[in-house]
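Those sequence lines, one after another, are chains A and B. Taking our numbering, the leading residue of the first sequence gets 2, the next gets one more, and so forth. Taking our numbering, the leading residue of the second sequence gets 8, the next gets one more, and so forth.
Some hints here could point you the wrong way.
[What the hints assert, rightly or not] Below, a list of computed lysine-lysine pairs in the DSS-like style, where the Cα atoms sit at most 25 Å apart: (1) B:Lys111 / B:Lys66; (2) B:Lys49 / A:Lys96; (3) B:Lys49 / B:Lys76; (4) B:Lys85 / A:Lys96; (5) B:Lys76 / B:Lys111; (6) B:Lys76 / B:Lys65; (7) B:Lys49 / B:Lys111; (8) B:Lys76 / B:Lys64; (9) B:Lys64 / B:Lys85; (10) B:Lys111 / A:Lys58; (11) B:Lys64 / A:Lys96; (12) A:Lys14 / B:Lys49; (13) B:Lys65 / B:Lys49; (14) A:Lys58 / A:Lys96; (15) A:Lys58 / B:Lys66; (16) B:Lys64 / B:Lys49; (17) B:Lys66 / B:Lys49; (18) B:Lys85 / B:Lys111.
[What the hints assert, rightly or not] Distance ranges between label pairs, derived from CB positions: (19) A:Thr112 / B:Ser14: 28 to 34 Å; (20) A:Phe61 / B:Asn60: 32 to 38 Å; (21) A:Glu53 / B:Gly23: 28 to 34 Å.
If you're looking for bench data, these hints aren't it; they were derived computationally from the structure. Backbone N, C-alpha and C fix where the C-beta goes; we use that ideal spot for every residue, glycine too.
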Amino acid sequence: KAGVTQTPRYLIKTRGQQVTLSCSPISGHRSVSWYQQTPGQGLQFLFEYFSETQRNKGNFPGRFSGRQFSNSRSEMNVSTLELGDSALYLCASRKDGGTDTQYFGPGTRLTVL
Amino acid sequence: ILNVEQSPQSLHVQEGDSTNFTCSFPSSNFYALHWYRWETAKSPEALFVMTLNGDEKKKGRISATLNTKEGYSYLYIKGSQPEDSATYLCASEDQAGTALIFGKGTTLSVSS
């Protein structure tokens, strides 16, 4: 069974630009969550999508948005990039919620110059 | 938003030592507690999902216990090996269908 995949793996952008990251969950998983990881901050929850609807949202500005398609693939968009957006962005999928195990992708390393 | 705390922040042990670390979470509205191991340059790997007070899970030399009444979980590693070097993360969720909220992790370094 294929794992969670994320594209691209590395990305370099400049301030003010926007970026779109993609995540393909494990087949059969309907929930996709996105996290930002920066040094010293740990994994910060961005949002979760379930069956094409945003089910949960973390405490991030509106520049961070996402969506989920009917095949459960998800995209995350960051507009008007700031230097502080440089981070590792991880997505994770699980079947539904509750006690289901959440599986992580390899992440996208975003550098904003 | 849940506040999940992990201690210690980092830990250095010798090969063969046994060690343990703590995850604290709000005991009210508890639903599930997840443990992950995150090795450098890899994805976080799920270790355990725990829900019941007093629950104990084991995977090889790693085990975890859960106390939902007081809001903590312990992760134990018996006879640490260099390959156990990683950051260990816990995450809590307060009801079905909510997000996993992670602690900042405990970074374990095992010297041979």
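Return holds or violated for the Cβ distance of Thr112 (chain A) and Ser14 (chain B) against the range 28 to 34 Å.
With Cβ atoms ~31 Å apart, the hint holds.
Next pair to validate is Lys66 (chain B) with Lys49 (chain B); report whether the Cα-Cα distance is within 25 Å.
Measuring from Cα to Cα gives roughly 19 Å; hence the hint holds.
Holds or violated: are the alpha carbons of Lys111 (chain B) and Lys58 (chain A) at most 25 Å from each other?
Roughly 19 Å between the alpha carbons, so the hint for Lys111 (chain B) and Lys58 (chain A) holds.
Is Lys49 (chain B) close enough to Lys111 (chain B), meaning Cα to Cα at most 25 Å?
The hint holds at about 17 Å.
For Lys64 (chain B) and Lys49 (chain B), compute the direct alpha-carbon distance and say whether it is at most 25 Å.
Roughly 23 Å separates the two Cα atoms, so the pair holds.
Would you check the hint for Lys49 (chain B) and Lys96 (chain A), treating anything up to 25 Å between C-alpha atoms as holding?
holds, 22 Å
Next pair to validate is Lys65 (chain B) with Lys49 (chain B); report whether the Cα-Cα distance is within 25 Å.
Given that 25 Å is the threshold and the Cα spacing comes to 22 Å, the pair holds.
Hinted pair, alpha-carbon criterion (25 Å max): Lys76 (chain B), Lys64 (chain B). Please report holds or violated.
holds, 18 Å
Does Lys96 (chain A) lie within 25 Å of Lys85 (chain B) when you go C-alpha to C-alpha?
Not satisfied, since the Cα-Cα distance of roughly 32 Å exceeds 25 Å.
Does Lys111 (chain B) sit within 25 Å of Lys85 (chain B), going by the straight-line distance between their CA atoms?
holds, 23 Å
Pairwise hint evaluation, Lys76 (chain B) against Lys49 (chain B), where the allowed Cα distance is 25 Å at most:
violated, 34 Å
Lys64 (chain B) and Lys85 (chain B) were given as a pair; does the straight-line alpha-carbon distance stay at or below 25 Å?
holds, 14 Å
The earlier numbered hints that this structure contradicts are 3, 4, 15, 21.
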